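Colleague: Chain residues, written in single-letter form:
4 protein chains.
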Amino acid sequence: MAKKIKVAILGASGYTGSELLRFLVNHPNVEINHLTADRSAGKELSAVLPVLKDIVDLKLHPLELNKIPKKTDFVFTALPHGTSANIVKHFYEKGIKVVDLGADFRISHNVYKKWYGKHPCPELIAKAVYGLPELHRIKIKKAKIIANPGCYPTSSTLPLAPLLKNNLIQQNTIIIDSKSGVSGAGRSAALDYNFCEVNEGLKAYKVGEHRHMPEITEVLAKYSGKRVALNFTPHLIPMDRGILSTIYVDLKKRMDTSDLISVYKKFYRREKFVRIISEGIYPSTHQVRGSNYCDIGCKVIPAQNKAIIVSVIDNLVKGASGQAVQNMNLMMGYPEDNGLNLAPVFP
Amino acid sequence: MAKKIKVAILGASGYTGSELLRFLVNHPNVEINHLTADRSAGKELSAVLPVLKDIVDLKLHPLELNKIPKKTDFVFTALPHGTSANIVKHFYEKGIKVVDLGADFRISHNVYKKWYGKHPCPELIAKAVYGLPELHRIKIKKAKIIANPGCYPTSSTLPLAPLLKNNLIQQNTIIIDSKSGVSGAGRSAALDYNFCEVNEGLKAYKVGEHRHMPEITEVLAKYSGKRVALNFTPHLIPMDRGILSTIYVDLKKRMDTSDLISVYKKFYRREKFVRIISEGIYPSTHQVRGSNYCDIGCKVIPAQNKAIIVSVIDNLVKGASGQAVQNMNLMMGYPEDNGLNLAPVFP
Amino acid sequence: MAKKIKVAILGASGYTGSELLRFLVNHPNVEINHLTADRSAGKELSAVLPVLKDIVDLKLHPLELNKIPKKTDFVFTALPHGTSANIVKHFYEKGIKVVDLGADFRISHNVYKKWYGKHPCPELIAKAVYGLPELHRIKIKKAKIIANPGCYPTSSTLPLAPLLKNNLIQQNTIIIDSKSGVSGAGRSAALDYNFCEVNEGLKAYKVGEHRHMPEITEVLAKYSGKRVALNFTPHLIPMDRGILSTIYVDLKKRMDTSDLISVYKKFYRREKFVRIISEGIYPSTHQVRGSNYCDIGCKVIPAQNKAIIVSVIDNLVKGASGQAVQNMNLMMGYPEDNGLNLAPVFP
Amino acid sequence: MAKKIKVAILGASGYTGSELLRFLVNHPNVEINHLTADRSAGKELSAVLPVLKDIVDLKLHPLELNKIPKKTDFVFTALPHGTSANIVKHFYEKGIKVVDLGADFRISHNVYKKWYGKHPCPELIAKAVYGLPELHRIKIKKAKIIANPGCYPTSSTLPLAPLLKNNLIQQNTIIIDSKSGVSGAGRSAALDYNFCEVNEGLKAYKVGEHRHMPEITEVLAKYSGKRVALNFTPHLIPMDRGILSTIYVDLKKRMDTSDLISVYKKFYRREKFVRIISEGIYPSTHQVRGSNYCDIGCKVIPAQNKAIIVSVIDNLVKGASGQAVQNMNLMMGYPEDNGLNLAPVFP
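Residue numbers (my numbering), protein chains in the order written: chain A, 86 to 432; chain B, 86 to 432; chain C, 86 to 432; chain D, 86 to 432.
These are calculated hints, taken from the structure and not from any lab test.
Be a bit skeptical, because a hint or two may be false.
Which copy is meant is left open, so a pair is good if it fits within one copy or across any two.
Claimed, not checked - Taking lysine-lysine pairs in the DSS-like style, the calculated list, with each CA pair at most 27 Å apart, reads:
id: 1; residue 1: 89; residue 2: 357
id: 2; residue 1: 351; residue 2: 144
id: 3; residue 1: 88; residue 2: 357
id: 4; residue 1: 350; residue 2: 144
id: 5; residue 1: 291; residue 2: 128
id: 6; residue 1: 357; residue 2: 144
id: 7; residue 1: 350; residue 2: 128
Values in this document were obtained by computation on a predicted structure and should not be read as measured data.
Next comes chain A alone, as it looks inside the complex:
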C-alpha cells in the first residue's frame, strides 16, 4: 500500500470543505489528519455534515495555526477571501504545500486591490500558481502554493483558451452568460439564499460587476498573450450544483461547427477531464454533476461569423474541490486522477 500523506483542511464545514472530504476519503495517498471550522469548533464533523457519519470520525478544531499537527504534509484552505493569505504564508514558510480555494492568490496585486481591497501579503502573490491543470500543468507540478481557480473562471477559461491561443476569435467582443446553481454562494445563513427566495425563480446579479470577471480576463490575457475584453453576466438558477456558461464570440475567419469541434478535440486530446460534445448536441449540467468533468459543445452561425460555445461543470468539483485535488495530485507527483475517478451522478 502507498504511503499516505497527512492532509489538513482549514474550513471543513462548508460545501467546498465537505466536497474535498468526499474525494479524499477514497484517495489512495491521503490520510485526513486535521479539520478546522471556526463556527462549529468542538463539534464532531458529523454533527454539521451528517453525510460523513462513520466515514470521517474527526472533531472540528478552531483555526489556530499552532494547533495544527506538526506532521501535516499538505493543506487545503477553504476560507473566506482575505482570510487565507496569511495562513498560506505560514505554511509556505514552513515548506508545506497549500492549495488555496479562495481568491487571495488568483489575480495580480493591482487587480486584487481594485476588486477585493487591501491584500494581506502581496509579496506572496507571485509565488502562487493559478491551478488550472489543463493550461498550467507544468508550473503546477513545481508549485508550493496553488491559487485554485474560481468556479465561473474555470467554466469560462477552458472553452475560451483554445480559441484565443489559436487566434480564432476577436478578443474584445467576448460575451459570457453564466448560470450557476446555488451552492456557489456558500454555506451560510442569508435571506437571499433561503429556499423560497431562490426556488422557482431566476435572476441575473452583479451584472458587469462580478469579481470573477477580472479573474477570467487576466487569466485569458496571460495565457494567450492578448489584451482581452469581455462581458460577464452571472445568473442564479434554482438548483444545487452546476454552472453552464453560454459564450458568444466573433470568429476571425470562416469556419463551420465541425471545424470548431476539431479545434477543441485537438487542444484537449490528452485531457481526461475535458469532454468535447458532438455536433448538434449541447451539454447539460446533469452530465457532470458530482464529477470533475468540463463538457464543451458548440455551434457556428456562419451568416454572422459567430460561434456559441456551451460549457458545463459542477461548480463544487471542477469549479472547486475536485480541481483542488487534481492540483494536489500534480504537486505531489500522484496520478492526476487519483481520488477523482467517480462517474457523475444522474439523476
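On the provided structure of chain A, position chains B, C and D as indicated by the hints.
Modeller: Then chains B, C and D, alone, in the frame of chain A:
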C-alpha cells in the same frame, strides 16, 4: 351587471388553456360556454385539471366545429402549431373573433414555410394582427384574428422595441440569451421533460435554430423599419414558470444606465403591464409569477459601449394566456386589464 | 361602489404579510392604509417585495402603535409569537377588530405556558375566538379578536372534526403525518432553510414535540367534547407552498370509503372552501396552490377497520392569510369569499 | 490486480441500470461486457446516458439471449416486472448467477398472482433468495438467483425487522407512511411524471394498494415468524432521489428512546451500511444521497407507548442498484463493500 359574452376555448386541458380559465373565471364580461380537449373528450374538466373543481363545472368536448354552440361570441384556440389555421378560418368566416395562441398567424408566409412547413391557409395570414398590445394596440382593437405572440418573442420584443425604434442600438449585433421554465414545453408525455431529466439540470437547446428566432426578428424589423439580425439561444431551467431574457446590444451613442432607464420609462409610461426597474437592481422571474407583468432592468457598460437588458415574464401569462385575455379585452372594447388584475404570486 | 375600510397590516414584509396584500389589493371593501416591518422600516414595500411594485405604493413603518393612523378600521397582526399579544390588547381596548396570525390567542393559557412560555396578557385569551370559519362561524361573526389558526392545525382539524363530531373514530389513536413546504418556516435568514440545505432532501422534525400538536388536540377536544390524544409528525418538503396531512384513524364501526365520503360531503355541503374528492383519487397540494381551498380525500381499509384521510391546503392561504381574510369578511359582515375568489395556480 | 468477472446488464438505459454502471465502473473485480436496452438498441450508451461518455464506451444491444457473450460470468436484470423471469431462468439453467432488480422473485407465488398476475415460471421462485444482506446474508452467499428488494420494502424492513425479531411491537398495528423521490417511477415518458406535474406538489398514491405492501408484509412475517398486518401509504415528493419512511408502532412494553436506540445499535452493530442516529435528531434523505446507507432515527412517546421510527435511503442505491452490487459481492465472495465505498453527495 355587464352583459357577458360566451367564450369557447379550444384546447382547454393544456397549461395555456388552464391558465386562460384561471383568468376568465373572474372576468366580469365573460361566460365560458364550451371547452374542447381531444385526448380527454368526454371527461369533466376537473378530472384533468383538479384545480378547477367546483370552479368550472363543464365537460370537455372533442374538437368538432359543428358542435360548438351557435351563440359563441369569442374563441381562443390553444392548439398545436399547424392545426389551428383552418379552425381560425372557420370562425373568421362566421364573423367570430379569435385569439390564436399558436404560431400559425405570427409570421409571414415565407418565413412560416421555412420554419414550420406548409401553411394550411396562407391567404388568411394577412388578416391576422400580431397581438403585442404595447406595440400594436390600435390594430388589435380592430382585429378579427389575433396571432398571440410566442413566449420568448414577448420577453425579447418588449425590451428591444424601444431601443430599435429610437435608433439607439446596432441592429445586427443583438444577442438574446433566454432562460425558460419547463411549462413552456406544454403538457404532454415526453421523456425529455420528465422530472428527473429536467430537475437539478440546465441546458441550452436548439441553439441558433429555435422557431421563435425568426418571429422575434420579423416583429422587430416590421416595428422598427430596420433590417434586424440577432442571435437567440434558449435554455431550459428547472422551474415551472418564467422566462428571463438577458439581451446584449451595442449602443450607437454614449449613454449611461440612467439614460437608458429613462428611455424605457418614457416609452412605457402609459403601460400598466410593463414595469421598469431601478438602476442597480435586476428583475427576478419571481416578481412576475402568475401575473401579466413584464419587468425590465438594464445596465450600460460605458467602456464597451454595450448595454445589458434583463426582462422577465411569466411565460404562461404575459407569454401566453394573460396576453391573450389582454388582446380579447382590446378587441371587445373592455378595459384592457379586466380579469388581469391579479398580483403576482410569491413565493 | 362599496365604502372601504382602512386596514393596517403589522408585519407586512414576511410571507404571510405579503400574501395578505395579494388578497386585499383586489378586495372590494378594503383600502390598505398602514404597513409595518421593523427590520425594513423606512423602505418602500416594493424594495422588499418587488412583486408588489406599482400595485401597493406604500412605505414600511416601524411598529409604533402611536404612529398607526387614527382612522384605521381593522388590523392584521403577522408578528412573531409572543410579540403580538400586547399589540392586540391595544386595539381591543380601542374597539378596533384584529385578526392575529400568530399563536398568542390560539390555545388556553395553561397549554400556552407549557409550549410557548409566559403569556403577556393572559386575561385577553378568553376574549379571542379561534378563527376556523367552517367550525366556528357564528362566534367569529361576533368576535373582536380572532386567533387565526396555525397551518398544520387547519390541515388536520378540517378532516378530523366531522369524524369526531359524528363519533366515528377512536379519539386516542389518531396519527397525523404532515408534510409542509418551506414557506411555513417564515421569511428570515437561517442556515437550516438555505436552498441547498432543503432542496432535494426530506426530513421529519420536532417529532412528537411540535407546538401545533397541542393546538390541534385542544381545538378538536373542545369542538367534539371528547378527550383527544394524537400523534403528530411534521416533515419538511422541498417545495415553496402546501401542506399535505395523511391521517390514520381507527373506525368505531364498519363503513366503506363511499360511506366516509358521504359523511364529509354532508358535513361540508355548504362550505365553499372545502372540496371533497371522489373515491379512488387523492388530492395533491398542486390543486390548492395560491387558493383558500382545503381538499379532502379518503380511503377505508375494511380488513383493519382503519381509515386514511388525506387533506391538502396552501399553508400561506387557508393555512394563514386567506383564512385571515375569510375571518375579516365574517367579522365585518361581508360576503365570506370577498377577495378570495381566485382559482388555484397550476402549474 | 484481481481477476475481473465479465458482467452483463440487461436494461442498462434506465435509472437503475445507469446507477449500476456508476458503481461497477470502479469495482475492482468487474468488467462490463454487455449492455442491453431494447428501445435504444444500436446506440452508444453515451447517447442515452451522456454522464457516462468516455467512461463506458459500449454499444447498447437488443435484449436477445443468444447474443449475450458466452463468457459472461454474472448478470444483472433491470427489466420491467414480468419480463425478467424467463430471462433469469435462462441464466439459472446455464449456471450463471443473476441479481434481478425487478419484482418477479421477491414474493411467494400466491401473493404474486394476486398483485402482479400470472408468473412466467413459478417453479423458479423458490430458488431465489430475497437479497436484503443485513437480514439474509448467509443465504445470499450461496444463492444463484437474488430477488433484489424493492425500494419501499428496503426502507421499511430494515427499521422494522429488529423490533419484530425482538418481539417489541404489536405486529398488527404498524403504519408505514413513506415518501419517495420521483426516480422511483423509472425512466419513461409519462405525463404523470412530467416536471410541471410533479414539481412543487405533493400527493399520496395507491393508498393501501401499492404492490410493495405485500412484499413488506411477507418479508417481515417470514423473518420474524409472526403474522404481520400493516398499513402502507406511499407519497410522491418533488425531488430526484430518496425515500423517507415514517413508521408508527405500538410498543409491547415500556421503553424510552435511548432503549430503542440501543436495540438498533446492537442489532446492526456489525453492519456498515446501516447507521443509527443519535437521540433528538432525525435523518434527512440528504445524508444518504448517492450512497448505500440506510440511516435510522427514532423517538418513543411514553404517554402513548408508541414509537416513531424514521428511516432514509437513496431509492436508487440501497433501494436498488447499490444493494444489487452488495448482493453480487456476497454471491461472489468479494468484500461486501467493494465498489460501494462512496461517500454520500451533499448538497
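Colleague: Now look at each hint and say whether the structure bears it out.
Modeller: For each hint, the structure was consulted:
{"no.": "1", "hint": "89 x 357", "in the structure": "both (24 Å within a copy, 24 Å between copies)"}
{"no.": "2", "hint": "351 x 144", "in the structure": "between (47 Å within a copy, 25 Å between copies)"}
{"no.": "3", "hint": "88 x 357", "in the structure": "both (25 Å within a copy, 25 Å between copies)"}
{"no.": "4", "hint": "350 x 144", "in the structure": "between (45 Å within a copy, 22 Å between copies)"}
{"no.": "5", "hint": "291 x 128", "in the structure": "between (36 Å within a copy, 22 Å between copies)"}
{"no.": "6", "hint": "357 x 144", "in the structure": "between (35 Å within a copy, 21 Å between copies)"}
{"no.": "7", "hint": "350 x 128", "in the structure": "between (48 Å within a copy, 22 Å between copies)"}
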